[in-house]
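Undergrad: Listed here are the chains, written in short residue letters.
2 protein chains.
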Amino acid sequence: MKHPFGFPLALPERGSRQRMPALHGQLRAAILDGRLKPGLRLPATRELAETLAVSRNTVVVAYDLLLGEGYIEARRGAGHFVADLAVRRGERHARGDVVTPDGRLAPYWRSFASLPAPMRTDGFAYDFRLGIPDSRGFPYDIWRRLSARALRNLSKAAPLYDLAQGRWPLRQAIAQHISFARAVSCDAEDVIVTSGAQQAFDLLARVLVTPGHTVVAVEDPGYPPLRAVFLTAGARVVGVPVDEEGLIVEQLPHDAHVIYVTPSHQFPLGVVMSPRRRVALLAFARARGALVIEDDYDSEFRYSPRPLDALQTLDRDDAVCYVGTFSKCLFPSLRLGYAVVPPWLRSAFAHAKHQADWHGDVLAQDTLAAFMAEGHLVRHVRHMRKVYAARRDVLLAALQRHGKHHMRVWASDAGLHLAAKLHAPTDVTALLRRAAASGINLECLSAYAMAGAAEEGLAFGFGMIEVERMDEGIARLMRAIA
Amino acid sequence: MKHPFGFPLALPERGSRQRMPALHGQLRAAILDGRLKPGLRLPATRELAETLAVSRNTVVVAYDLLLGEGYIEARRGAGHFVADLAVRRGERHARGDVVTPDGRLAPYWRSFASLPAPMRTDGFAYDFRLGIPDSRGFPYDIWRRLSARALRNLSKAAPLYDLAQGRWPLRQAIAQHISFARAVSCDAEDVIVTSGAQQAFDLLARVLVTPGHTVVAVEDPGYPPLRAVFLTAGARVVGVPVDEEGLIVEQLPHDAHVIYVTPSHQFPLGVVMSPRRRVALLAFARARGALVIEDDYDSEFRYSPRPLDALQTLDRDDAVCYVGTFSKCLFPSLRLGYAVVPPWLRSAFAHAKHQADWHGDVLAQDTLAAFMAEGHLVRHVRHMRKVYAARRDVLLAALQRHGKHHMRVWASDAGLHLAAKLHAPTDVTALLRRAAASGINLECLSAYAMAGAAEEGLAFGFGMIEVERMDEGIARLMRAIA
Chain A
1 MKHPFGFPLA
11 LPERGSRQRM
21 PALHGQLRAA
31 ILDGRLKPGL
41 RLPATRELAE
51 TLAVSRNTVV
61 VAYDLLLGEG
71 YIEARRGAGH
81 FVADLAVRRG
91 ERHARGDVVT
101 PDGRLAPYWR
111 SFASLPAPMR
121 TDGFAYDFRL
131 GIPDSRGFPY
141 DIWRRLSARA
151 LRNLSKAAPL
161 YDLAQGRWPL
171 RQAIAQHISF
181 ARAVSCDAED
191 VIVTSGAQQA
201 FDLLARVLVT
211 PGHTVVAVED
221 PGYPPLRAVF
231 LTAGARVVGV
241 PVDEEGLIVE
251 QLPHDAHVIY
261 VTPSHQFPLG
271 VVMSPRRRVA
281 LLAFARARGA
291 LVIEDDYDSE
301 FRYSPRPLDA
311 LQTLDRDDAV
321 CYVGTFSKCL
331 FPSLRLGYAV
341 VPPWLRSAFA
351 HAKHQADWHG
361 DVLAQDTLAA
371 FMAEGHLVRH
381 VRHMRKVYAA
391 RRDVLLAALQ
401 RHGKHHMRVW
411 ASDAGLHLAA
421 KLHAPTDVTA
431 LLRRAAASGI
441 NLECLSAYAM
451 AGAAEEGLAF
461 GFGMIEVERM
471 DEGIARLMRA
481 IA
Chain B
1 MKHPFGFPLA
11 LPERGSRQRM
21 PALHGQLRAA
31 ILDGRLKPGL
41 RLPATRELAE
51 TLAVSRNTVV
61 VAYDLLLGEG
71 YIEARRGAGH
81 FVADLAVRRG
91 ERHARGDVVT
101 PDGRLAPYWR
111 SFASLPAPMR
121 TDGFAYDFRL
131 GIPDSRGFPY
141 DIWRRLSARA
151 LRNLSKAAPL
161 YDLAQGRWPL
171 RQAIAQHISF
181 ARAVSCDAED
191 VIVTSGAQQA
201 FDLLARVLVT
211 PGHTVVAVED
221 PGYPPLRAVF
231 LTAGARVVGV
241 PVDEEGLIVE
251 QLPHDAHVIY
261 VTPSHQFPLG
271 VVMSPRRRVA
281 LLAFARARGA
291 LVIEDDYDSE
301 FRYSPRPLDA
311 LQTLDRDDAV
321 CYVGTFSKCL
331 FPSLRLGYAV
341 VPPWLRSAFA
351 HAKHQADWHG
361 DVLAQDTLAA
371 FMAEGHLVRH
381 VRHMRKVYAA
391 RRDVLLAALQ
401 RHGKHHMRVW
411 ASDAGLHLAA
421 KLHAPTDVTA
431 LLRRAAASGI
441 NLECLSAYAM
451 AGAAEEGLAF
461 GFGMIEVERM
471 DEGIARLMRA
481 IA
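Protein chains in written order, with our numbering: chain A, 1 to 482; chain B, 1 to 482.
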């Protein structure tokens, strides 16, 4: 290892025929990745040969190749210099900062001028953000052991592509789990594994939407990423208001082809869809030939003694596609979700998955299948339900104690967040700013509303905040409101 | 554990208040999953209470709940029976076998009448299938160690969603690797991690295609899954013939917006695109404002001393999107690929990835990043290149020895397969059938051709076949041809 350029050049041992190619390749890489800047003068061949203890001819041939390829240029009497080629990267980067709409993109995609914003990781003293579970109680040691075992098994199998629908043991484990926990009516064949619930929504949009024709009804306020995939697919997305009983079925557009609901724990209000509305929704779907997408994202965490079954349980017409995820009951970075797909939709859904990415990560699927089969999922959920139930009780008490003059909490018996309606008109943006200055991170309901249908209120996630901090956080928030 | 129904009922200990809910839930699950069939008579409450050693009231309440929910029904004087509810599943399954086009699907998706076909796993004595690498030499023990370490690190981090573009250390490792190995000009920022190359193609189709407007030129014969995503997205896909120098650039349609090529190792012919054609292709893209997708799927395995750089290396106009995969140099079930995305395309691509599935599996990404950073990828590729080079030499020799009167092998200096043109017109389907009867699995080139442009020839993958079997396999094949 010599450092004639300020970085190591690692050449094979003396006598190897690979010394010249190694020198050539490493110099070329350094030029391409910018470690050797354009205009830099390279050492003379004799000098470099001495430093590297190689024959001069090795360096001469390597320089000749680089010359021929245009990576360096010779200036008469002055030696060899890194060529302009590398300048291009600098130019590209400068241009990369100011991306202007490009006619080569499909029209919809020209509006994305910047990269997706990363999730904030800076610590708030009181972090009530939505949608993030607490993974500190997760049995990582068990997962590691099962993952190692799954990998050993995989190492013995032929390295083929797998089924688009997912790994059979995982589909079996999911079918068994949701049959029991959510009374979802399904077999392993009905389950298709996806890369998070988001991919399930994306695949549904793909196979269901005829651009400019299909009408999709969504809860308003609701889940923006769901709206995004259907808008992208060319659907007309119509918001339908939500009250204490969930989606107001009577206000569905008559021509709705697809209806998206979160009946177990409305996102973001938190209400449970009433039995009356569930029956009405299924009747609507039957009468109109519509598909209902049931997003059951966090109802593993239920706090009432007799929760309602899934909407899918009541469906007699294959009119419901049930979508679940492991992002909340395990953790998001696992990227595993699933859909229980009615037969008429199944081939199209599986082919769409196949086209999208062939199939999901096999090791993660096999690890999760073993984790479920050995009962660890049920144990983890049971453990976390106690943790979250305690937080929820404290949060409810704090909102009652400090906040009853300012807001009313929406009734909710499941999940990882609560929402509240503000009594008086408030500048919520200014409020959130004041809250952030007090170390409080929370979200306003209007962030989830479609344009023009702003619900004045706040949402409180309890996946990330310690139970000890909740009362103080809410007390501070109320001082910020008052 | 008692088995009054032929399966275990696991109830909590005596005195627990969870005995009734457990009994209710387990019976409900058994009804829903079909273990208790519709019409089955349940044991009388007194009888079941005795068998399970619970109070009769526990059983009465559980049955009442099931009655109220409609899972069972009471027949006067005859007892309780499993309700019709479960019949529905039987019906659904019967219907699931014969899926008819459903008006609820978007028109394109109505033609998928059956599920994607699984990859054949039955052993052929001589398996020349394409696209599958040999994973027996893969250092699974190292992967397992790195995976365990990555998981330990993840367990200390907050369970947030990650960047759509992928994990930064992996993007860095990829940028460094392809700068060096393929002379691709890029930084980590330019790299976006995808779920296999297939997802990169799918995201490109999404952001580039305006339905009914965009013209996509592809190699013919070429890679069918690539054509499928662009067709699905609504593009007009035009096949362009290929000769010994790769895609015949002069035959590109004048209005091509997107051009897909495999310049390092044409799929399936195996030829390398000539420098002349490369220059012409980039000139075409520059003149027409077209994007070139360079699919570099297996060129880590190169057998010539001075291979050509990637097409992307020559690009000065941000007109090339380079797509790579780890499916061939590692194994397909990992589902990791990437694209080197020019700046004008980057925000749209990243947002499309975000919409498709937020981001890829984090554990797999972190494991691969460590695997690459520690030099294992380079070592593995170097090892496998020797293995494949030996197979390729034997295959070439066998094709020459046994097949020179029947076919001509396309020149090729990279990858995991060779292709050959048949001299005389042949019924290839019948030939493949005869070959299969002799234990030989191989593919015909016409399977990769677009309609009407059938190339009579055969393709020979050497990822799955032992070197010792190749000569005999080819000898047998020639007997089947003769």
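It cannot be assumed that every hint is accurate.
Same chains, same names: a pair is fine if it fits in one copy or spans any two.
Derived lysine to aspartate or glutamate pairs resembling DMTMM-like cross-links, with alpha carbons at most 20 Å apart [said to hold, decoys possible]:
1. Lys-421 x Asp-141
2. Lys-386 x Asp-134
3. Lys-156 x Asp-141
Treat the hints as calculated values from the structure; they're not laboratory data.
Undergrad: So, against the hints stated earlier in the document, which numbers end up violated here?
TA: 1
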